[in-house]
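**Student:** If you want the building blocks of each chain, they are given just below.
Protein chains: 2
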Amino acid sequence: MLPRGRPRALGAATLLLLLLLVVGFFLFGRDPECEHWSWAGEVGTQCALCLLMPRVLSDGLRAAATFDGDPYGSRNRSASGLHPPLPPKCELLHVAIVCAGHNSSREVITLVKSVLFYRKNPLHLHLVTDAVARNILETLFRTWMVPALVIRFYDAEELKPLISWIPNTHYSGLYGLMKLVLPSILPLSLARVIVLDTDVTFSSDIAELWALFAHFSDKQVVGLVENQSDWYLGNLWKNHRPWPALGRGFNTGVILLWLDRLRQTGWEQMWTLMAKRELLTLTATSLADQDVFNAVIKEHPELVHPLPCVWNVQLSDHTLAERCYLEAADLKVIHWNSPKKLRVKNKHAEFFRNLHLTFLGYDGKLLRRELFGCPNQLPPGAEQLQQALAQLDEEEPCFEFRQQQLTVHRVHITFLPHQPPPPRPHDVTLVAQLSMDRLQMLEALCRHWSGPMSLALYLTDADAQQFLHFVETSPVLSARKDVAYHIVYRDGPLYPVNQLRNVALAQALTPYVFLSDIDFLPAYSLYDYLRASIEQLELGSRPRKAALVVPAFETLHYRFSFPNSKAELLTLLDAGSLHIFRYHEWPQGHAPTAYAHWREAQAPYQVQWAADYEPYVVVPRDCPRYDPRFVGFGWNKVAHIIELDAQEYELLVLPEAFSIHLPHAPSLDISRFRSSPAYRDCLQALKEEFHQDLSRRYGAAALKYLTALQQSQSRA
Amino acid sequence: MLPRGRPRALGAATLLLLLLLVVGFFLFGRDPECEHWSWAGEVGTQCALCLLMPRVLSDGLRAAATFDGDPYGSRNRSASGLHPPLPPKCELLHVAIVCAGHNSSREVITLVKSVLFYRKNPLHLHLVTDAVARNILETLFRTWMVPALVIRFYDAEELKPLISWIPNTHYSGLYGLMKLVLPSILPLSLARVIVLDTDVTFSSDIAELWALFAHFSDKQVVGLVENQSDWYLGNLWKNHRPWPALGRGFNTGVILLWLDRLRQTGWEQMWTLMAKRELLTLTATSLADQDVFNAVIKEHPELVHPLPCVWNVQLSDHTLAERCYLEAADLKVIHWNSPKKLRVKNKHAEFFRNLHLTFLGYDGKLLRRELFGCPNQLPPGAEQLQQALAQLDEEEPCFEFRQQQLTVHRVHITFLPHQPPPPRPHDVTLVAQLSMDRLQMLEALCRHWSGPMSLALYLTDADAQQFLHFVETSPVLSARKDVAYHIVYRDGPLYPVNQLRNVALAQALTPYVFLSDIDFLPAYSLYDYLRASIEQLELGSRPRKAALVVPAFETLHYRFSFPNSKAELLTLLDAGSLHIFRYHEWPQGHAPTAYAHWREAQAPYQVQWAADYEPYVVVPRDCPRYDPRFVGFGWNKVAHIIELDAQEYELLVLPEAFSIHLPHAPSLDISRFRSSPAYRDCLQALKEEFHQDLSRRYGAAALKYLTALQQSQSRA
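Order-wise, the sequence lines are chains A and B.
So for the first sequence, numbering that gives the first Met the number 0 puts the first residue at 0; every next one is plus one.
So for the second sequence, numbering that gives the first Met the number 0 puts the first residue at 0; every next one is plus one.
Everything labelled a hint here was simulated from the structure, so no lab data went into it.
There's no promise every hint is true.
Which copy? The list can't say, so a pair holds if one copy fits it or any two copies do.
To be verified - Derived lysine-lysine pairs resembling DSSO-like cross-links, with alpha carbons at most 30 angstroms apart:
#1 K686 x K237
#2 K346 x K88
#3 K88 x K344
#4 K275 x K218
Just so we're clear, the structure is a prediction, and the values are computed from it rather than from any experiment.
Using the sequences and the accompanying hints, generate a full structural model.
**Tutor:** Next up, the structure:
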């Protein structure tokens, strides 16, 4: 039946098209905006759209009128039933964002999450970043593995000379101004781009915004939403002298930038001249690029295409945005353009915060969604990973372990502001990993270890926000800029302990690392003592690499006073208040440290590896990584010490070093290990595979580890 | 400029309308569906829609053709740029859902979250529930306080006689069939309703679905998506004999039900007759209501309005849905219509699971969003709450406490399947509260307490899913149906300890409750001993109410063997392995229990209240509630014991009862209390307000508590 209808439909469509052209001429003949529409819309929709979309305003008076004369809301509402046609399925959309520093890097991720949540098209992000943001975001996007998302970085450092001559008092610093030079630095092949501030949140499909390019007239080069405050009217306070603008001016938090037209119109020269001219009488820009954009638009109103207000609902301190959103049926983009950000006072702030919090706490891994029917979406490594996962046998008893080992966790390094330690040849970073239930250890750890730390935290996206709050409200933690926190996002049922250790280890920036665990508090003097020992032992210039052993103790009391010296520690040990770590349950773990010898030792002494030895050690930063196959509980450190021994590290016990384990309720993973024979069987299988790999890599030299394993099994 | 354009636009619109009518006749003159379109669309869109929307099929052959002949996808894609006009802003949309039991109640909440996330209209939910679901959902929606959401319950019990005569083998049981009788039981004033299965997830605004009512012809009464499997073709296996259907038939997971037309057409008689006729040759329905709907449609194809496939993407075991979603630009509703639910095997299952998990873990409180510009949205109590919150002074030092006290937490009672204990006059429920970091206590607690428990868990939505997984994978926990878990959703920075206790207490179903804490393990014999004591002491018939004190001990060792008797306990106490609970830090908390006397006691003995006394007690279920003003750490139990004493409860210590506190790392709230003088000051303020209230309620009798407080302060 259907094929029979088609020629008829085609004929009718042609007729309809002709009729619409006639009607269109009648309707819009003298409206330049509609003449110039160049997009290939669906038959029968152009006219309706032209009736319903906000009228494009071609002079300053009309632009200024949008706010007071005809609240956008009503227009937006009428338009809500009828959207402009979206870009074709699978069309690549381009977005540019300037991002610098630790805090903006966190912000931009929430923005990107909101965009990815609603998007249905492939996206190309053009990120202009400083070194800090690049380091963070490169790692993040590499590990995020979002299909149909391309990332390209541009070095903000190189752009600074282009804009640093403009004095600017805005809190975004130089970086805000960089939006002005995007037409010069983005690839020439790129014709159009959406430019976003890091402090916006999407609540709609970005393709709807992209579709508005189709409404530009020939002359229009930049799409902007009117500024939703009286700032540019210059009446906010006495002697307030803003930059020139058309009426209320425009806000540059969301920009549609028609790049090739900008390049053709000589944009660079245009804005440079304008900025120089204004700076003859004004001392600086107050709102960075936005002041310059507005000055240009004031002079050349024909360049701007006003966008509906819902595409940039501005929650600044003096916002008038209510006029927009109370009327609108649908908000598209929220802009937190107050320095107070989410803490801005506004009677509807709760509403907007909820939209933002949605993405702040959203599990980013859920955005690893393919776009059905679009080709070549997979990010590097994703295909191999998919294949490896597909090869796993769900019925196999250790399936959960295999799956967890293959999981690529999203990693957000240096989640909080961090100052790398100054380069010092004997410096040591404390390396550890934790999850939410150990946060309360951090303050004590900071009191015990005054040196740099690199900590991996295994958290959900929501946990990460709680963690941020925790640090911000702790005077002890917020004072420390030498502690780097790296978030590894939760995924899967087993704790990826060694993957976490490797993340923290890889981010340590000193020549040496102290590989510790979060439940241990080091001796107060340990940081200084370790540096002195490294220097004294000339670790950097010895023929063999060395691992310095820090003897480990434990208290079973959850209230106790920490010993200030080795002498005090020995007293507590003799009194039974302290014990050798896990002396009762797992003596072989630390026996080779030779605690009896340590009591009397005055100098470092060498010890030999033995089965199941798992001391806490100080090693050069380039030490072997932990074996990521060990997930959950058990044997994760043992394997690392074997690796050190196989690579012929000398094990030297330090006579004055110690570290004490505090009690805690058993973790869920340990409870599981204890109660499940299947779990223990899988751990056994992992051990055996580890030894096979060891033999492969170290040959006959690895035989002793296998023998030791077999002996310990026959004992068990 | 705008007004000048209007008359011209109107004239053109009229002309356009005329032209479209001509074209429309030419195009669709002989297509009855287009003749009947009765909605008031925007000018210029009807024709395009008619071109682009799925063709309405008027006979069986054509209905079957939709799937193979013309994949919906291409149609959906073309249509994506052009939606039918949405219902007006603030129009109330109606949704009906049948829901029974604990598991469906969890499911329906995820569905509702997905609907609320995208909705922009007020909603009225009509919930047909059994007693279990009603109990759960009434509490949930009352505490959820979502603006612009009306809930009405209908008793499924009353509907059973209407459909119980139909034999049914589908896993939904009788409840699935209840969709058939909705036209009879929903209010007569209700003309149209969307009917949803509990296992669907929205990924779009439900108003877009509602808008499709506008496409119904005069005769059409039910909108359905074609069934996306070969089930009704009857060739899935040998001797597979499905109910009759048009081609592949239709799926009833998502239904647009035009109620008043159904009533006019005599729906009830129609489906009853049809079902009876088919049951002459078929033994039962396999797919519940869906079989009956299809049988009716087979006979009366003019009644059905086929909906685009994206409105019900079916992930059943034999799904052919790929044909739909690979082509479509935008999926609207996912339907988990396999008994395997999220565990269904499908090469794109990961994609769909991610959509579903989005809402499973979504923080429901973020959906407390008002709809700007719509009147009368606030649920009961919300306005008073808003006012109370608005009156708080953000600068006040205890602002966080005040805010936390006022917070209404969403509460999901009996989150997991639960069998209430049989009524027994001396039965005792253990009442406690916990958060995620104490989950590992649950198994041990179950081993120590064999009676009913009512536990409040303070969790995020995401935690709740982890908790579910934890219970499902624990043989100990999943075997216990007498433990009721009540989720109180996290909101705010302070732990609402007494609100949690009150939730657990309110849900206890036995005449007595043992008010414990999650870190305590009761003596193995305690449950039996308490019941015997209650009986012996004739607690139910004494002139004065009694609180039975269970002496509390603690171990500071996190590995220790639990005493099997009072004698063993006393040995451990003498050996220093056990202590009186908090004997060293807070002796006044338990001193009045008179442990020295207890050692020798053979019979229950009475003790007197003293300042700061906070024993663990067994009391009648109707005991006073905990004072919810105490949030975070400190004094929360002390206030409750004062309340018991003020109400003249006798305090009787049981000679054989005991309970032991296990060590754990300090909670974040305690760390905060210890480190912050501001926190302690606020707690002091709360204490004073509590005493003022006490004086108000108990008059001079409350004087002794105030005196005690002042004395203890002057000592401190």
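**Student:** Which numbered hints are broken by the structure, listed smallest first?
**Tutor:** The structure breaks only hint 1.
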